[in-house]
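K.L.:
From first to last, the protein sequence lines are chains C, S, V, P, G and Y. Numbered according to the numbering used here, the first sequence spans residues 2 to 158. Numbered according to the numbering used here, the second sequence spans residues 2 to 158. Numbered according to the numbering used here, the third sequence spans residues 2 to 158. Numbered according to the numbering used here, the fourth sequence spans residues 2 to 158. Numbered according to the numbering used here, the fifth sequence spans residues 2 to 158. Numbered according to the numbering used here, the sixth sequence spans residues 2 to 158.
Keep in mind that the hints were calculated from the coordinates and are not lab data. Predicted model, so just to flag it, every value in this text is computed and none were measured. A portion of the hints provided could be inaccurate.
If chains are identical, the list can't say which one is meant, so a pair holds when it fits in one copy or spans any two.
Under the rule of at most 20 Å between Cα atoms (straight-line distance), these lysine-lysine pairs were calculated in the PhoX-like manner [to be verified]:
no. : residue 1 : residue 2
1   : 37        : 158
2   : 45        : 146
3   : 151       : 38
4   : 151       : 135
5   : 38        : 135
6   : 135       : 45
7   : 43        : 135
8   : 96        : 43
9   : 96        : 45
10  : 151       : 21
Protein chains: 6
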Amino acid sequence: MELTHINEQGRAKMVDVSKKQETVREAIARGNIYMKKETLEKIKEGTIKKGDVLSVAQVSGIMAAKKTSDIIPMCHPIMISGCDIVFTLNFEENKIEITSTVKCTGQTGVEMEALTAVTAAGLTIYDMCKAIDKEMAISDVVLLKKTGGKTGLFERK
Amino acid sequence: MELTHINEQGRAKMVDVSKKQETVREAIARGNIYMKKETLEKIKEGTIKKGDVLSVAQVSGIMAAKKTSDIIPMCHPIMISGCDIVFTLNFEENKIEITSTVKCTGQTGVEMEALTAVTAAGLTIYDMCKAIDKEMAISDVVLLKKTGGKTGLFERK
Amino acid sequence: MELTHINEQGRAKMVDVSKKQETVREAIARGNIYMKKETLEKIKEGTIKKGDVLSVAQVSGIMAAKKTSDIIPMCHPIMISGCDIVFTLNFEENKIEITSTVKCTGQTGVEMEALTAVTAAGLTIYDMCKAIDKEMAISDVVLLKKTGGKTGLFERK
Amino acid sequence: MELTHINEQGRAKMVDVSKKQETVREAIARGNIYMKKETLEKIKEGTIKKGDVLSVAQVSGIMAAKKTSDIIPMCHPIMISGCDIVFTLNFEENKIEITSTVKCTGQTGVEMEALTAVTAAGLTIYDMCKAIDKEMAISDVVLLKKTGGKTGLFERK
Amino acid sequence: MELTHINEQGRAKMVDVSKKQETVREAIARGNIYMKKETLEKIKEGTIKKGDVLSVAQVSGIMAAKKTSDIIPMCHPIMISGCDIVFTLNFEENKIEITSTVKCTGQTGVEMEALTAVTAAGLTIYDMCKAIDKEMAISDVVLLKKTGGKTGLFERK
Amino acid sequence: MELTHINEQGRAKMVDVSKKQETVREAIARGNIYMKKETLEKIKEGTIKKGDVLSVAQVSGIMAAKKTSDIIPMCHPIMISGCDIVFTLNFEENKIEITSTVKCTGQTGVEMEALTAVTAAGLTIYDMCKAIDKEMAISDVVLLKKTGGKTGLFERK
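In isolation and in its complexed conformation, chain C is listed as follows:
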């Protein structure tokens, strides 16, 4: 199989999707941000009392999903029709699991939008906690599932 983004001069192009069908498409992506236990506790306190780091991360992830085609050079502009992000605090592994879901009706999928939402949310958590923890790591950012389009269902094993 060949890379599809390369033109005859060997340079990148935006693949022509004008003959693809408009279908409802959904993508779910996930990633983790690992941190010190103390950092995770600070974040948890904030979600209970005041200073919710995760609500800022949520906004940044959703806004980044809308900016995806401005960040990823060969991405088609897409009018996403829905976006949500869910955070799961995991005190056993000292991490926050970030899961994004993006939907659209269009000629091309929203995998990149979902992945971009996860990384932007992770970067925002890093930014807001870096004064107390510079060793956080964003990891395991993967596409969990996508539906719609010619290739149909993909689910990560």
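Following the hints, put chains S, V, P, G and Y in place on chain C, whose structure we already have.
P.N.:
Below, chains S, V, P, G and Y without anything else, positioned relative to chain C:
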């Protein structure tokens, strides 16, 4: 130690850095994107012959570094004075290591710019290869080193 | 009735509109900018002779309408299909009335686009006249009317 | 006194500030968003329990402050060094008072940044509550105070 | 024939296209960048060995095509469905010919997107070579052909 | 002489300017847009009566100058301190001459900002007149002069 981005109403603010000194600052970040061996080989062929996925990833990472304060809500706008990205293909672990270096002279550091460059480059590699490999994973995105500013040198152990 | 933008974790989400029908939608918004009589006279002179503050405000309002989903976090991206702004100088109340009309064919309305156009045009008038009048006030920014979509016609009483 | 943004051809220009001194500058702006009592109560509930509309408005205001020179055509790009927004719920007048404070060290002031933050925060409140209240009005958006620069202190009477 | 972008107050508006039909549309634009023979040779070396100026120009042109409605005030936002750029080195005239092709399915054409891609690619070549040649000139930027829409085929004679 | 934007891996980088001195810098660029005589007459009428195409082109050029580092991948972000554009209608050659002047105080020059302003203004003229003239051509976009920085004065012969 307390989170610094939270105002008295418990909401996020952009921290006031107007009394911080302008110093030369540098940050180095790194991350990996894991993929199938075949995908890594396709990318390697491109760098030798034609269709260089990594040159597009490079451009996207540098452009994303400039957009950092537009992606991360509480980040200060920064005029970065230099940015470079280096890719290392690793056939033992079937991954590409992405290392970014960002510089500025300013009142606040460029850690987030370096981390944003790495993730954008990783997402671009994903985008350009996803037709042949949807199981790629972006992992281990960390700050390796930063210099300058009040807190001075940080080096990841 | 409940706020619709909140997910189960109590955080903001972009509401899923993928099952909404595509209809022709229009929204009309209005606002006033109050100023000193002398400022209003300067602006009027400009529209007659040279230096048309309002033509810059017009451009800024139309461009801001296109940027709405980049400014308002939970707004869906929308391809607006038309936008116009009309200014009415009122020397009795020393104000300029700014009225915007925005159209689209889509799954969600253009109310926010119309309101954003009015505020951007008002802010631009402020910016271009602030050297002679810092006491201007933007007021009464409201949605006058919207048509299309499931909820149909809304008209402000 | 003359409008300063007009060139010899009678068209807008970005005023040359290259001979102005770099000073610390601050601007405080304020505005109100009026709504139904029920809407105000819903928002208050959210700040106590879940679904904090105001934390999204806060993020949007701060991000809009950074985008000011992209929204207001003749505004100079500015590296703001701090930004905060405070909301005051007023049940007597059924309004939320939005107050923004913006700082920078530069050749030109941050009045437009502070005003833009207030209007973006107001528009975001409108967006998140418009399903239950389309008659909200953004009003009284004014510059309260600015310090720094050649003209020094301005305080609204 | 009259200019269509002017409203009754004599100011610019975004023309209402909401009654236009959605058709497949394509536009091809072309331009030249003239330079010293030595500069052209340096660029050619890069495409053979390392340091491909044209691959960066390619990325910038495609990304600029996506940003067109953010650069050209009265342009409608468009979801382009494909974009490619081809470079032809001409050693007789010491120029690079830049040809862009843009496609979409929509209510309005992609002429401006194709022209914007050409100019951004040209400006990027200028930027990357200006250390060795400040006398480059971007010239002859024209629309070669467009198809689709009410006015149908246009071909430059 | 070598191209400066290429790193050791043969890919583009943003050149490190952190050791360059901050100086006052100015750049003047020029370009022409050729058109039918009738188009030029329509534009002239607009500048006398109503519907000033050139005032929209002016705004777009100035706003594009501010967006330069977002359009040209390896450009440093720059806080321009002034920008103006002048249009000269030439009925002998049926063209409009577009001249931009950009200033900044910084570590790197504003040549690209001046060139970007000229091309954006030209593209906007094209956009607003394309309903009556699709054969317009943007030509002769060159840097006329730049001052400041290590290389000092450049003047096009």
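K.L.:
Does each hint fit the structure? Answer for all of them.
P.N.:
Here is what the structure says about each hint:
In the homo-oligomer, the alpha carbons of residue 37 and residue 158 lie at most 20 Å apart only across protomers (14 Å), although the nearest pairing inside one protomer, at 29 Å, exceeds that limit. In the homo-oligomer, the alpha carbons of residue 45 and residue 146 never lie at most 20 Å apart, since the shortest distance is 28 Å inside one protomer and 28 Å across protomers. Proximity of residue 151 and residue 38 under a CA criterion of 20 Å is satisfied in neither setting, with 44 Å inside one chain copy and 25 Å between copies. Proximity of residue 151 and residue 135 under a CA criterion of 20 Å is satisfied inter-copy only: 15 Å between copies versus 43 Å inside one chain copy.
In this assembly of identical chains, the alpha carbons of residue 38 and residue 135 lie at most 20 Å apart only when taken from the same copy (13 Å versus 32 Å across copies). Taking identical chains as interchangeable, the C-alpha atoms of residue 135 and residue 45 lie at most 20 Å apart only when both belong to the same chain, with a minimum of 18 Å there against 33 Å between chains. In this assembly of identical chains, the alpha carbons of residue 43 and residue 135 lie at most 20 Å apart only when taken from the same copy (14 Å versus 35 Å across copies). When the C-alpha separation of residue 96 and residue 43 is checked against a cutoff of 20 Å, the pair qualifies only within one copy, where the shortest distance is 13 Å, while the shortest distance between copies is 33 Å.
Within a single copy, residue 96 and residue 45 get their C-alpha atoms as close as 11 Å, which meets the 20 Å cut-off; across copies the closest is 31 Å, which misses it. For a Cα distance limit of 20 Å, the shortest separation of residue 151 from residue 21 inside one copy, 8 Å, qualifies, whereas the shortest one across copies, 23 Å, does not.
Checked against the numbered hints above, the structure violates hints 2, 3; every other hint is satisfied.
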